[in-house]
Amino acid sequence: QSNVTIYGIIDTAVAHVDNTNAAGDSVTKVASLTGSFPSRIGFRGTEDLGGGLSAIFTLESGFGPDTGTMGQGNRLFGRAANVGLKGKWGTLTLGRQVNMTYIAGLKADVLGPNLFAIGSIDPYLPNARSDNAIGYLGNFDGIVAGATYSFGRDTSSSGGPAATGCAGESPADSKACRQVTALLGYEVKAYGINASFDKLYGNTGAAGGLTSSSNFDRRVTVNGYWMFGGTKLGAGLIDRKTNAVTGVTESTLAYLGVSHPITPLLTVDAQVARKNVKHSGDDTDMAVARLTYFLSTRTAVYGALGLMNNDGAAAIALDAGGSVGVGKPQRGLMAGLRHHF
Amino acid sequence: QSNVTIYGIIDTAVAHVDNTNAAGDSVTKVASLTGSFPSRIGFRGTEDLGGGLSAIFTLESGFGPDTGTMGQGNRLFGRAANVGLKGKWGTLTLGRQVNMTYIAGLKADVLGPNLFAIGSIDPYLPNARSDNAIGYLGNFDGIVAGATYSFGRDTSSSGGPAATGCAGESPADSKACRQVTALLGYEVKAYGINASFDKLYGNTGAAGGLTSSSNFDRRVTVNGYWMFGGTKLGAGLIDRKTNAVTGVTESTLAYLGVSHPITPLLTVDAQVARKNVKHSGDDTDMAVARLTYFLSTRTAVYGALGLMNNDGAAAIALDAGGSVGVGKPQRGLMAGLRHHF
Amino acid sequence: QSNVTIYGIIDTAVAHVDNTNAAGDSVTKVASLTGSFPSRIGFRGTEDLGGGLSAIFTLESGFGPDTGTMGQGNRLFGRAANVGLKGKWGTLTLGRQVNMTYIAGLKADVLGPNLFAIGSIDPYLPNARSDNAIGYLGNFDGIVAGATYSFGRDTSSSGGPAATGCAGESPADSKACRQVTALLGYEVKAYGINASFDKLYGNTGAAGGLTSSSNFDRRVTVNGYWMFGGTKLGAGLIDRKTNAVTGVTESTLAYLGVSHPITPLLTVDAQVARKNVKHSGDDTDMAVARLTYFLSTRTAVYGALGLMNNDGAAAIALDAGGSVGVGKPQRGLMAGLRHHF
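Protein chains in written order, with this note's numbering: chain A, 1 to 341; chain B, 1 to 341; chain C, 1 to 341.
Treat the hints as calculated values from the structure; they're not laboratory data.
This structure is a prediction, so every number in the text was calculated from the model and none was measured.
Wrong hints could be hidden among the right ones.
[Said to hold, decoys possible] Simulated crosslink set (BS3-like; lysine-lysine; CA at most 30 Å straight-line): (1) A/88 x A/107; (2) A/175 x A/199; (3) C/189 x B/328; (4) B/278 x A/328; (5) B/328 x B/189; (6) C/199 x C/88; (7) C/328 x A/175; (8) B/328 x B/278; (9) B/175 x B/199.
[Claimed, not checked] Here are a few chain C residues that face chain A, going by a calculated C-beta distance under 7 Å: (10) 12; (11) 25; (12) 29; (13) 30; (14) 56; (15) 66; (16) 67; (17) 68; (18) 69; (19) 292; (20) 294; (21) 298; (22) 299; (23) 333; (24) 339; (25) 341.
Beta carbons: idealized from backbone N, C-alpha and C, even for Gly.
This is chain A alone, in the form it adopts within the complex (with noise of 0.2 Å):
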C-alpha cells in the first residue's frame, strides 16, 4: 500500500447566471465540471530504480461532485492514465496524459480552471489532454522543454469538451486524429515566460466540425508571468485556427491577470481576456474577481463575479458548460468550498 498515494481535490460551488437563454432567463445551479478546481481523486506512486531513474504513475478520476458521475466523457481515470521513467533528463510518459498546451498556461493564468475563467471561452484549454500519447517534459535550470505525440487524440464518444469523438490509429489514414504538441519556455520563481505549440486532426465523427483528417485545429500560445513580492502577474496569448468542414476560422483569445495575498489566508485573483474573432464582430469579453479565504493550507472557501460580454452572434457563457442568448452579455455570481486531500 506504501506505493499508492491517494489524492484529490472536492470543489463544489452553488452559482447564479443571468441571460442564459435569448429570453433572458436566470439560473441557480451546483457547478459540475469545476468550481475553483474540477473535482478528481487520483492514485499516483514513485518508485526508485536507482541511478536517478523512477519508474511514475498516475491513474485521476475526474468526476462531478454534484451528482457522483464521471467526468471527461465517462472514462474511469479521465484525467490521466500513464506510467513512465523519470531521471535527470526529464519525464517520459505513455498513455492518456495532460499535453503542452494544457502545462503551458499553469502559472499565467491566474484563474486557472475556475467556472468564470478563459476556459469558458475556449473549452479546450482545461481539457488540453491526449489519448494513445507519448509525453516529454524536461527542466534544465529554468529551461523548460516538452512535448506529446498522440497517434488518435481522443477515444471517448462526442460529447463535450473533453469528448470530442476522435479515436485515430486508423489503418487507412494515418493522419486521422494524430497530434503533436510541443513546448518550450524559461521559468524560475521571480518570472517565466514560454511558448507551445498544439495541432490536432480530425477524422470521421470528430466533433467540432473536424470531420476528416485534412480538417484540423491548431493553437499556438504565449504566456508569461511576473512576481512582484508576494504578487503575481500572468498573461497570454492564444493563436488559433481552426480548419474545419465549414471553413477556416481563426481567432485569437488574450488574457491578463493578477495574484495578490491581502492577508496570508486571503487572496485576491481577478482577471480579463478578449477573444477576437478574425474578419468578424462576434468578439467576447471577460472579466472576472475571485477571493479565496484559506481556512487551512488544503480547505478554502472561495467567492467569484464575472462578465462575459458577447458582440455580434457571439454566445459564450460565463461558466463552463453553460450557455447563453446570443449576442448578450452574462453576469454571474459564484461561492464555494474546496478541499484537497
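With the hints as your guide, set chains B and C onto chain A.
For chains B and C alone, kept in the frame of chain A given last:
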C-alpha cells in the same frame, strides 16, 4: 495518504423467489442491488480546521458484486459525492448526498436496505439521495434537525429507482426537479422518534410519470425505536401523495419490526409492513425474518425468509429490483455473506 | 485503512502491425486491452476470523491506459468483484470472478495475456470470468481442484470479448446463460498438469451467435509445465465445440512455449500456437518471442515480435482487439513499459 480513509461493504447473497411472472415461474439468482446491505467502496476524510471546525468529504461508489457494474445509474460516486464543514452547530454539506427521508428511517427500520424489505415496496426509500444539494444536519443533546435543498434532484438518465432522470437547474423553469427534505426528531440511546418531510418535483423526461414541474411526489414519515435491553423495537409510517401525469395517488406504508440478539454472535430481525393504496384494493403486505451470525465484528453470514402478499392488481416483488405476477403472493429465501472493510 | 490493500499494474505499449485490412495497410498504436499484462487497479483485504478461517474480498478494475476508459464492458470492477471465505479446505467465493478456464492456463501459458498471444486467437481465454457465480478452489498438497457455477454468466451489454450480453437469471428459462467450469490438476514447483472443463449457455441477445439457451460453447483444456532449473516449458491444448445459431463449429488450439532467464534481469519468452478448425482449411498459426528487461522487481521494459499466419478464410489478428485482412499473415512489433504497484 493519511488524509483519506478507504472503507466499504461487500455483501452478496443467493436468493430464490417464486411467482416472478404470470406463469408462476421461480428464479434463483445472485442478488444485485443489495444483500443485507448494498455493496459500496468509499473514500472519506476529515481535517481539523481549529476552533471546533472540521472539513469533511465523502466519495462513495455503489456497485453490484454479482457483475462488478456501477450502481445508481452508472455513476462513479453514486452513493455520495460531497464536501462540507462540521462544527458544534452541525454539518453543512454540498453535492450529491442522502437526504432526510434516508436518514429518518435509519434507526427505526430494523431490516434497512435488505433485499427483502420495505425498500421493495417503496424503492425510493433506500435511494433517497439528492443531486445538486445543500444539506444540513445537527444534533443538540438528542434533538435532531436537518434539511436538504436541491436545485435538480437526479441528473442520471431514467432507468431504475436510483436513476429517475430529473436534472433540473433549468433556466426556463426553476421549479423543475427541485426537492426539499426536512427532519426533526429526538433520539437518545433508549428511544427515539422523528418526522420527515420530502417533496420532489418533476420535469420533461422524469420517471414515475412526473413529467412536468407541476407534478410532484411528497412523502411524510414518522419513525421511532425503543430499546428493551439489547432488543430494539422499531416502527414507522410513510404517508405518500404522488401527483403524476396519470393522476393523483395516495398511499401509506406502515412497518413494525424487532431486532433481538439471541446470543452476542447471533441476531434475529423480523419485520411486518403494509402498504395501503387509498381508494383501491391493490394493497400489499410483507413479512420478513432474518438471522445473522457474526463471524467477527466485520464479517457475517445471514439467511432470510420473506413473503410479499399482493391484493387486487398490486404487483410488488419481494426482492429489490425483482418482478412478480400481478396480484400474486411471492415467497423468497436468501442466504448471504457480508464483509465490512 | 489497514483493512484494504491497493494494488495494480499499469502497462502500456506501442505496437505496429501490418496487413490490418484487405488493402494491406499497417497501423501503429498505443495498445489498449493489454500490453504484456492488462492494466488494473484493485482493492483487496483479508480478515483473520480465527480457527484457520479468513474472510477475503477482491474488487478489481480493468482500464485502458491509452484512454483512461473502463474495461470489461464499462464496469467499475470488471476484473473481479467478489467476497469469500478461506480455510484449509480451500476458498469459497461469491460474485464476479475468474473461472477455471482462466486459472487452468495461468502457469502453462508463458505469454499469458500479452498483446500478441493465444488470447488473440481465442479472446475468451484472458476474459474467462463469470458473473453471478459461486466458486471454489482448493489445493491439497499439490492436488488442485476447483469449480464455478454461474446463474447468469455475463450481465454486460454485448460489445467485446469481455462483454457478451448474457445476463441470465431468467425465470422463464433457467438454463439461459448458465455456466459451469471445473478444474483438476496436480501442481508442484518442478512441474504441473491440469485439465479444465467449461460450458456456457446462450440466450436472446448473447454474442457469438449463442442466441438461445440451447446454444452453448464448450471448452476442455489440458495444460502443463515443467521446470528445467529456472527455465520453464509450458504447453496446452484447448478443445472447443460451439453450438451456435449458425451451426456447430469444432476446433482445437495447441500451444507450446518456453520462458528462459538469460540473466537475472533479462528473460526471453517464446511461444508457438496452432488453431485447427475441424472440417475446414481456415487454420491459423502463431509465433511470438518476447524479451523483458527488469528495471526492478516491480518495473520492466519489454519488446516482442509476432507472426499470425491465417490460412483459407481465417482472419485472426495478431494483436488482441486488432483486425487483419482475410487469409493474410500479420507481422507485429511491440515495445512497452510495465509497472506493478
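Taking the hints in turn, this is what the structure says about them:
1. A/88 x A/107: Within the cut-off at roughly 22 Å; holds.
2. A/175 x A/199: holds, 12 Å
3. C/189 x B/328: With Cα atoms ~59 Å apart, residue 189 of chain C and residue 328 of chain B exceed 30 Å; violated.
4. B/278 x A/328: The hint is violated at about 51 Å.
5. B/328 x B/189: Given that 30 Å is the threshold and the Cα spacing comes to 40 Å, the pair is violated.
6. C/199 x C/88: Satisfied, since the Cα-Cα distance of roughly 28 Å is no more than 30 Å.
7. C/328 x A/175: Holds, at roughly 24 Å.
8. B/328 x B/278: Distance of about 20 Å is within 30 Å: holds.
9. B/175 x B/199: Holds, because 12 Å separates the two Cα atoms, which is no more than 30 Å.
10. 12: holds, 4 Å
11. 25: This hint holds: residue 25 of chain C lies near chain A, its Cβ roughly 4 Å from the closest one there, short of 7 Å.
12. 29: Cβ of residue 29 of chain C sits 4 Å from chain A, so the hint holds.
13. 30: holds, 4 Å
14. 56: At 16 Å from the nearest chain A Cβ, residue 56 of chain C fails the 7 Å test, so the hint is violated.
15. 66: holds, 5 Å
16. 67: holds, 4 Å
17. 68: Result: holds, 4 Å to nearest chain A Cβ.
18. 69: Nearest chain A Cβ about 5 Å off; hint holds.
19. 292: violated, 15 Å
20. 294: This hint is violated: residue 294 of chain C lies away from chain A, its Cβ roughly 10 Å from the closest one there, beyond 7 Å.
21. 298: Holds: closest Cβ of chain A sits about 6 Å from residue 298 of chain C, inside 7 Å.
22. 299: holds, 4 Å
23. 333: violated, 15 Å
24. 339: Holds: closest Cβ of chain A sits about 5 Å from residue 339 of chain C, inside 7 Å.
25. 341: holds, 4 Å
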